[in-house]
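Colleague: Below are the chains, spelled out letter by letter.
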Amino acid sequence: MLTWDRGTWVVEPGDPSLAEGLPGVMWDPRTRCHRAPAWRYAELSALLGCSGVDTHADRRPGPELRTYQQRALDAWNGAGRRGVVVLPTGGGKTRTAVAAIARSGLSALCVVPTRVLVEPWRRALLDGGLPDVGQLADGVKDLRRVTVATTAAARIHGPRLGARFALLVVDEAHHHAGRDETLELYAAPYRLGLTATPPEEPEQVARLRQLVGDVVARVTVDELAGTFLAPYELVRRGVDLPPDEAAAYAAEVAAFRSAYRSWWASAVDRSWTSFMRDAVRTKTGRAALADWRRSRQRVAWFEAKDTVLAEVLAAHSRDRVLVFTRDNAVAYAIARRHLLAPLTCDIGRAERDAVLTRFASGELRALVSARVLNEGVDVPAAQVAVLTGGSQGSREYIQRIGRVLRPHEGKKALVVELVTRGTHEVDQVERHRRQLAAG
Amino acid sequence: MLPADVQSFRLSGGEIVPDWLTPADHPWLRDLLDLAEARVGGTAQELDEALATAEIDRAPTRRLRMAKHVLRGLVERRPPERPLEPRAVREVLFAAATDVRSGGVWSREEALRRAALTLGATADDVERCLLLDLPGERRVALSEPLPSPVDLAARINLALVQGLLRRARTVRVVAHGNARDLVRHARLQGLLCVARRTGASTTLEFSGPLALFRHTTLYGRAQASLLPRLPWCDRFELAATCVLGGAQATLRLGPADPAFPSAPPRRFDSALEEAFAKDLARRHPDWGLVREPEAVEADGVLLFPDFALFRRERPRERWMVEIVGFWTPEYLRTKLEHLGRAAGEGWIVCVDERLNCGTEGLPEGVSVVPFQRRLKAAAVLAAVEGRAPLPDTPPVSLGLTHFFVDWAGRKPPGDPVHARLASLRAGDPVKLVRRGPWVMVEAEDGPVAALSARGRDHWAPRLAAVREARVAEVRVRQRAESGPAFQGLLRVDAWRVPVVDVDLAPDAHSVVVSRP
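Residue numbers (our numbering), protein chains in the order written: chain X, 1 to 439; chain Z, 440 to 955.
There may be inaccurate statements among the hints.
To be verified - Okay, the calculated beta carbon distance ranges per label pair: (1) 544/Z / 202/X: 21 to 31 angstroms; (2) 542/Z / 202/X: 48 to 58 angstroms; (3) 462/Z / 273/X: 34 to 44 angstroms; (4) 500/Z / 435/X: 34 to 44 angstroms; (5) 900/Z / 152/X: 42 to 52 angstroms; (6) 329/X / 582/Z: 24 to 34 angstroms; (7) 499/Z / 144/X: 50 to 60 angstroms; (8) 12/X / 582/Z: 47 to 57 angstroms; (9) 462/Z / 141/X: 55 to 65 angstroms; (10) 813/Z / 129/X: 35 to 45 angstroms; (11) 144/X / 902/Z: 35 to 45 angstroms.
To be verified - So, partial list: chain Z residues that the calculated Cβ filter (under 8 angstroms) puts toward chain X: (12) 444; (13) 526; (14) 529; (15) 534; (16) 546; (17) 550; (18) 649; (19) 652; (20) 654; (21) 657; (22) 928; (23) 931.
The set of hints was computed from the structure by calculation and includes no laboratory data.
Virtual Cβ for every residue (Gly too), placed ideally from N, Cα, C.
Please put together the full structure from these sequences, using the hints given.
Modeller: Rendered as structure tokens:
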């Protein structure tokens, strides 16, 4: 028998001696019982022939899918309804997931990374024919057979609700390939992960496999560009720091590299996280971090980049333009200078929704954002993306480009990258482009 | 609480030594407080920048970082006064800017002019109010005065150890008094608690269900939330096993360590319980209620009920009442089976129907008191009706084998002990008391018996667990019953020896587990 207890199962097989050999089961001396983490449910219920999660199905047709989406869904079904589907931004991951939920008919929890994505997901599910969609986010606790929750809310409520859903749909699944423990709290035997940028490091791949499943379907941007995604052009505009700024940048980078090399020579764990942790504890380390931050700040936004942005805005005054920045401070500086609507975490939901609606209608033609527009937010009308710098890795770079690839008749998307010559931005952009090409 | 990268401590032989702030830090804390106070009325961004860059004389770097972090959380950030609502400004201005830009010739001034016209304001006001509602634009304010350096130091110390407890895998507390409040709090936080009674104290080990499998931060907040409640114990010792960068180390805390206590534990854990107690007192005066009854050991488990109910005319007969939090039908079935085995009918479980986490309703055939919003005393008493009370722990007989049976026989005929023994009656209360190497049985007016070496070995460790001792009977021992070797030591031909019944709390050395 399996009994739910706060994110774990208390395991009581008919013969207690059997418990020891079961996967993930350990003797808990605290409560004198055998216990297993929630996510082991699928294996345990199969071995013990008992159930603790309601897998009753209430099937519906769901939305129509494109051929590649249907292939992805078929692959997921064929893999026992466990796995990760990789589709590029704009490729219809949400639609594919809605079809999976509707056609499986299972109780489902959709886990999304931010509260910005809750309402779009709810609407997509309702539009896809699901009659009742609940929400766990922003203080709202409305539990239904199909519910959308932020990762944070799912984590908080996991110990109580983890046995309530048969299917877990994980949007932007790559976020769960690290140390996040949210998915461990859920028993759902069926899991669908969605991402445009799956992890590549072996540890992260293994982690995602454990909690969601293997990649069962993968479609790249280039496979869809020109058909299901808009064709696009990538233009690099090089800019130069003023001489004094360039000299200061060079000095800061040299100081940082010197300190970093010294640390690296004796470090056991040479990850960036480890460096940050060690650096804050010493005067030299803190100085190195300060140099690194100042050098990044120096190239994030300056007059030459501003000039190029003004040119792009003027040249595309009738197009819908998204401007991506390193951080909120740069976003606000651009908002003030060019009178563009900023979309940041500081902007409330009602205003955010209103801005996106006005952007879609053409009343507003340009938005500026640091991170909010990166994932999941639908801006199908956007044609031009300006990347001013500061993409946190290839994943973010690909996601940002994806924002302008939604297909539209006659649309050819344009991505303008502002790259500061003679700085780290040059190598960064090269890496990102290679990743984009690899899918 | 302080995040990991701000916490200051050192490791010494596997022990965590927190970097406590002491009176020696008060002078620079005063300077830091003055810096913050000087920024009141300025923008939050200015305060943040000042705190980020401030180098305070004599302030140790890592303690300063902790202080800055705590201080940031103590100031309010209020929206500034503004002639125009920023959101309205943005709505009008960005639309105006779009129109101007679409016309082919961009002019920022033209966009501002048009927006100002629409809003009936000046272009300067429009520009000034554009982003005035952002967090960085808020104004620093104080709803109450900043703490003194003494209080600030205490807050920082509390935040430091709470931050360390967030990284704990298990937390062990030896609590003298107020153990129940800790157990209740832990239960509400979703923690497991293993409780062991050791004399007058209770040892509690807190951890989360998933901690069995590996270190996890899931229970960090819950564990840290125990800390402010500890100073309300008469005494406490805390030992937490923390995981720091993959290695384990122990954090130890005691009453002498600086701590910032929370408000004292409430008399009732909830309005629900308070209302129930009032309802019982008002409508059923023949019944009494004990809040926080002592824990009941049953079937290897230490159970912490919410209340004990008793009829005033028969106070030793008790029924325990537990108000269940979140539940599933399966959880209730399991709990009731266990209670039934352990505590018979004497345990009443009350279930809030609104806190069902499962998909089914109350299971069939389970005997609980369901309620919604209010728990009525009449409903609970109706459940009590016909149920046997909690089985009372039978007394233990302190038999003759534990006595030094010749003790009174070796006293001369005129010794007062003989008169005391002669006046002893069954039912008279006595005490077991340690006197030097001896354990004596003492009536109100003096000792009446002594324990043998065997008796001392058995009873000395259990003295604190003795709730009550009474004379069961008084036997008369004759000289001829003692061995030949002792005849020469005896001073009388007959003397009395009491047989004593001892009412004992649960075995001090048994390990018991507090179930959820």
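Colleague: Which numbered hints are broken by the structure, listed smallest first?
Modeller: Numbers 1, 9, 11, 16, 20, 22 and 23, in rising order.
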